[in-house]
Each structure stands twice: as C-alpha cells, then as structure tokens.
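**Q** Chain by chain, the residues run as shown.
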Amino acid sequence: MKKWKKFTSACLVAALSATLLAGCGGEKKEQAAANSNSYVIGASFELTGNVANYGKSTLSGLKLAVDQVNKAGGVNGKQLVVVESDNKSEPAESGNSVTKLITQDKVVAVVGPATSGCVFAATPVVTSNKVPLIAPCATAPAITVDNGQVKEFIFRACFIDPFQGRVMAEFADKTLGVKNVAILHDASSDYSKGLAEVFEKTLNEKGGKVVAKEAFLAKDIDFKAALTKIKAANPEAIYIPGYYEEVAKIVKQTRELGLNVPLIGCDGWDSPKLVEIAGPEALNNTYFSSAFSVQDKTESVQKFIADYKAMYQKDPDIFCMQGYNAGLVLADALKRAGDGADGTKLAAAIAATKDLPVASGKLTYDKDHNPIIAAIIIEMKDGVQSFKEKIAL
Amino acid sequence: MNILRKSDLKRIVACAILFAAVQGLLFAEIIGPFWELNIVLICINIILAVSLNLINGYTGQFSIGHAGFLAVGAYTGAIMTVKLGFPFEVALVVGTVAAGFLGFLIGLPTLRLNGDYLAIATLGLGEIIRICILNIDYVGGASGLMGIPRFTTFAWVFWIMIFVIFFIKNFKNSSYGRCCLAIRENEIAADTMGIDTTKYKVMAFTLGAAFAGTAGVLFSHYFYIAHPASFTFMRSFDILTMVVLGGLGSMTGSITGAVLLTFISAYLAEYPEWRMIIYSATMIVLMLHRPQGLFGNKELSMKMFGLGGGKDGRTAESK
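Line by line, the protein sequences are chains A and B.
Each residue of the first sequence is one higher than the last, beginning at 814 in my numbering.
Each residue of the second sequence is one higher than the last, beginning at 8 in my numbering.
Don't read these hints as lab results, they were simulated from the structure.
In this text, a Cβ means the ideal position worked out from N, Cα and C, and glycines have one as well.
A couple of the hints might just be wrong.
[As the list claims (entries may be wrong)] Here are the in silico distance ranges between beta carbons for each label pair:
#1 1042/A to 241/B: 27 to 37 Å
#2 92/B to 1119/A: 52 to 62 Å
#3 958/A to 34/B: 30 to 40 Å
#4 1180/A to 32/B: 40 to 50 Å
#5 111/B to 988/A: 52 to 62 Å
#6 303/B to 1031/A: 34 to 44 Å
#7 863/A to 293/B: 22 to 32 Å
[Claimed, not checked] Computed list of lysine-lysine pairs in BS3-like fashion (alpha-carbon distance at most 30 Å, straight line):
#8 90/B to 964/A
#9 964/A to 1158/A
#10 1006/A to 90/B
#11 13/B to 943/A
#12 1062/A to 1006/A
#13 1116/A to 1194/A
Please work from the sequences and hints to get the whole structure.
**A** In structure tokens:
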C-alpha cells in the first residue's frame, strides 16, 4: 500500500512538472513566432466553469477562421497565431486573463469572452491598453455603448438582444398573425428581461397586446403555476425568452396543460438538449429567432458548415459561427489597417467594416459597433430544426 | 503593556523591506501588469484565507460561506464609492463593518449548530447572499455592478494584508484567542471551564466575516466589477482549499496555500484542459500524504529549518 502510494504520487508529480515544463517551452515558441512574422490574437474564453460550452464552441469557430485565413496566405504576408486563455466563466478572472494576453503575449487584438458579464470586466483593461476587443456573442446592449457614448475599442459580432425581440414581434404579427400574446420570462437573467421588454414594446406598436406576463427563475423545475395563469388569459401565442434548460421543461408542461398555441422564443433555445428534454411532439408549433441554422440554404452558410465539419467532424452551432465571423472581421480589419498599425488604428478599421462576407451573410458595423446582419426564424418540426424565414429589419 | 513587542517590530521592518522590494520591481516594470494583478490577487486571497482560518482553523467551526461575506464587502464598498461618492477609505470601513455585522447576525443563530450542520447553514447563507444580490436591480442584478474605479493599489492591499495578519496573530495569542483554541479542542470541556463558548464563536465568526468584507472591497475596486458569478460557492471552496491545503489552524499554512493556489491558477490559465486535472491531482497527492495539510497546525518559522529565531510564524517571507 505504502509503495503504491509513493509510486502514484511520484507519477503524478512527474506528470505535473512535465506539463509545466512543456507549457514553458510552448510559450517561448509562440513568442518567438510572434516576433518574426505573425499577428498574435488573444482568445479569452470561458473554457472551464458553468458556461464552458459557449466558450469552447466560439473558440472552435475562431480557430477555423484563423486556419482558413492562414491557408490563404495570411494577412499582409503574416500568419495569425491564436493564444488561448481561460477565464473560468468568471468576470474578475476575465480581467485577469485579458491582462495576461495583452501584457504577456502582446496580442494585437482580443476575441472573446463569450458572455456579457465577462466582456464588461475585460472592457477597462482593453480600453486602458488601447487594444481592440471583439466579443463574438455577448448580446447586452451596454457592452459597446455606455451612456450614449460608443466605447472605442469594443465590438461585437452578433446582433443585440433588442434586435431579436423586435424580430420575434415582427414574426408574431406578420407570419403568425396573432394579436394577444403572453410572455413568460426568466427574471434572473438580463438577457431574458431585455428581450421581453423589447418584444412587448414592438408588439404594442404593431397593435398587438400582451395579455399576461409571468416570470420564472433559472433552474426552476415546475412552471405549472405560471402556465395556468397564462392559460386563463387565453393567449394566441406565448413568448418565452430564456435558455433551453428551462424552456424545454416549460414547453413540455405547456403541452401537458393542453395549451397548444404557438410558442415563440429566442436563440437561447438553440440546443440539442431542447429536443431531448421536451420531446419532439411537444415542440411542434414552436419557433425561435436565431442568427444561424444548419438548414439555411444560403451558400455562405453551407460552405461554413462543410468547412467546420471537415475540421471538427461535427455540426457547428451558433456560437461556432459567431466566433468564425469575429475571426473574419478581425482578419479583414488587420488587412485594411495595414502592417504595423496600432490598436487605435485597428479599432478604427474594425468600425469601418462594410459588407464583409461572413458565414451568415454580409456584415457591416453601425455607429454603435453593432453588426447589421439578418436574423432567421427556425421552426421545430418533429424534433428537427427547419428553416422558416429570414427577417432583416 | 507592550503593544508592539520587539519581535513584532522586527517583523514589521521585514514586511516594509519586502514591500519596498516589490514596489521597486513594480516601478521599474520588471513585474509586468499581469503579475502585478496576480500579486494583488494573492494578497486578497491571503486576507480571505487567514480570516477563514480564524473561524475554521482556530475556533474549529466549519464555515463554508466565506464568498458571501466577500460579496457583501465587494458590493457595499462599490455602492459607497460608485453610487454615493464616498472616498475609498470610507468604503473600506463600511464594507468591513457591513460584512462583520452580517456575520454577527448570522453567527448568533447558526453557531449553535456544529459540524456538518454549521457547514450546511453557512453554505446556504453564501448562496442566499448571492441570490439576493442577483435580484437587486439597484446593484445591477445579474449583470453585476459596473464602472467601479480602480482604487486598490499594491500598497493598499499589502498593508491591509499585513494588518489583518498581525491582528489575527495577536488575537490568537490573546486570552480571547486562547478561548477560541479551547473551543476547537473540546467544546464541552471549554464550556465546563467557564468559557462562554457562544460569545467566542460569534466573536471569531464576526471578525472572520469582517475581514472577508475588507477583502471584498479591495477585490471589487481592483477588478472594476462586482458580479454575482464571482461569489459562487466555488469561491468559498477555493478559500477553504487554501486553508486546508496549508493546514487548518496554521496561519503561515493559510498564507502559503493562498500563494500557491493563486500562482497555480494564474500559471495554468493557458492550459484550461489541464488546469483542473493538475489542481485536483495536487490535492489528492497532498491529502494522501499529509491529510493535516502542508504545515498541520504548526507555523512556518526559522526554527522549523533549525535556524533558531522567532517562536512562531513569520509571515510575509513565505510569499
């Protein structure tokens, strides 16, 4: 027993030191490469912790973009190198990780983090160091604009929450032709609250009415109380902005209560788990807004899907695409800013991005550093996502 | 009554030298911003670990809700500077007092429990605080309180850390501290000897919570943001791990644990897929070989290496 213990710990210690040494070696190599002929891009993502899924997906998309740019000869004759850094899904740690990327690895720009809270925490760091940051999928409006003032170095590569809310209200009004809609939102998430607010406002403008508004909390299991109240209000459709975990249970329980009206939602629904938990039957007659669908037959989307499959042997999700778009935006801006441009010039070049072909169509930045891209509506049919329509506002 | 003993004076001088050295390196930019950030983080973690050690190590009450008090300090401090426009010094005091007061309120009923029950109650408390913050729109709710100015400097955090370390060291060596130790060793015996166990338990808990609050103020004023995700029970466990790794009841142990784990975590940020494995492997090896922690309940001192010198722990040198 004693011997075994000693042996095991010796092995573990050896493994530990080996990784540390290997790590040091790798760092030096990367830095050497940076000096000669490459651009170092920092990738600060949620690689561990409770939203590691998002971070990993986004990073895989970014890597695909960088890979393609490098294969096509790089930017200004230089290759792009990605340095990863984990922020443990925690805002304070995200400031730490971005500081490391900028000061230790001397990156020209940072891509990430995935979630809004982490981007907020990284903002003061990148701003004081004058290094641009592209947040691929952080949707909170305040990320790029603070009190009406645009943050010079912060960009995003996805549409913002209000946009999705407006798209869905448009869809409810035009395509579904419903006027009386109930809202069931997640009171513990700003994302959900923001969507609900904009949806309600847009719907009212279009002459519709919100007949009931109920709330739940993330990780709730039972939604019957709220749903019964909603049922009593007799809505023609229910808007459920939230994440798939709760939404799946809500959808299931809604159908159990015999409410067979259309359920509409947002891109937080987008996960294979939705079908697993709710079941394909219950999901019929549900729609959600998204930036991406594998069913979208547009050429650029299909090409992206094929490329992603070739590299990772699996289907990409929306985060992969947003990471990919962020990579393309950055490569394009680096090219236009020219060799040796500093952070301020690079930020200006990103802001000037116009009609750049990305996976989901053409991308142009508006004055608030938000990209203008089309949103799509996805319908669930027997547990399979099918492309319903594309809405551009 | 000598408030400053000779040995203490020596230690403070040693701390001042250490401070001057690190500050010099910072000025000369030999230590870059990334390591500066981690040094500040280390100091904050030391405050947290040492204050938790007061509760868990010295008084023997198993509390795992430290992140809650950290959050209270972080948010109250941020409210004072951001919302009410008070200077940083006031924020520090108010953050400390608020966390301490909450610790007192919570300590009174919960410290009647012991062992597992206290652990569960404090764990619950930490979560309650976090969920409350999550639902208060005044402090930003789920998106966190933003726009906090960076007031925390290395000098602030270092001297506060030294203050906390000396405070707790002297507390431990005072008659109050002896009572706490007695409670840890055997609560019934301590009670029989006429020690008001509830009073001392609450005292230690309040002090520990208050210092966690101080650390919170420093934390939010360094990272620009106070966000509920920073104060989950995983953070409580992180602090607990530091204390247990160093050895429950050893102040130098807590300090070493804090330094070690913060370094490992900073160093491994680039290898996320390896970080948790290495981290846990270290824990397993340590617990197999030294279940009492690195130093057990002994203090690291020159004497430990057979060099004579102080009777108990030297602190800042282990940094």
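**Q** Okay, residue 303/B versus residue 1031/A on CB: inside 34 to 44 Å?
**A** Taking Cβ atoms as reference, residue 303/B and residue 1031/A lie about 42 Å apart, which means the hint holds.
**Q** Is the straight-line distance between the alpha-carbon of residue 1006/A and that of residue 90/B 30 Å or less?
**A** holds (23 Å)
**Q** Kindly confirm whether 52 to 62 Å is satisfied by the beta carbon distance between residue 111/B and residue 988/A.
**A** Given range 52 to 62 Å: holds, Cβ gap about 59 Å.
**Q** Is it true that the C-beta distance of residue 1042/A to residue 241/B lies inside 27 to 37 Å, as the hint says?
**A** About 36 Å separates the Cβ atoms of residue 1042/A and residue 241/B, which means 27 to 37 Å holds.
**Q** Does the Cβ-Cβ separation between residue 1180/A and residue 32/B fall within 40 to 50 Å?
**A** holds (44 Å)
**Q** Would you check the hint for residue 1116/A and residue 1194/A, treating anything up to 30 Å between C-alpha atoms as holding?
**A** Within the cut-off at roughly 24 Å; holds.
**Q** Holds or violated: residue 1062/A and residue 1006/A, Cα atoms, limit 30 Å.
**A** The given pair, whose Cα atoms are some 19 Å apart, holds under the 30 Å limit.
**Q** Given the hint that residue 13/B pairs with residue 943/A, test it: the Cα-Cα distance must not exceed 30 Å.
**A** violated (49 Å)
**Q** Sort out whether residue 1158/A lies within 30 Å of residue 964/A, counting only the CA atoms.
**A** Judged against 30 Å, a Cα distance of about 14 Å means the pair holds.
**Q** Is it true that the C-beta distance of residue 92/B to residue 1119/A lies inside 52 to 62 Å, as the hint says?
**A** At roughly 57 Å between Cβ atoms, residue 1119/A and residue 92/B fall inside 52 to 62 Å, so the hint holds.
**Q** Using the beta carbons of residue 863/A and residue 293/B, state whether their distance is inside 22 to 32 Å or not.
**A** holds (26 Å)
**Q** Take a look at whether the Cβ-Cβ distance between residue 958/A and residue 34/B falls inside 30 to 40 Å.
**A** holds (37 Å)
Hint compliance for this structure: hint 11 alone is broken.
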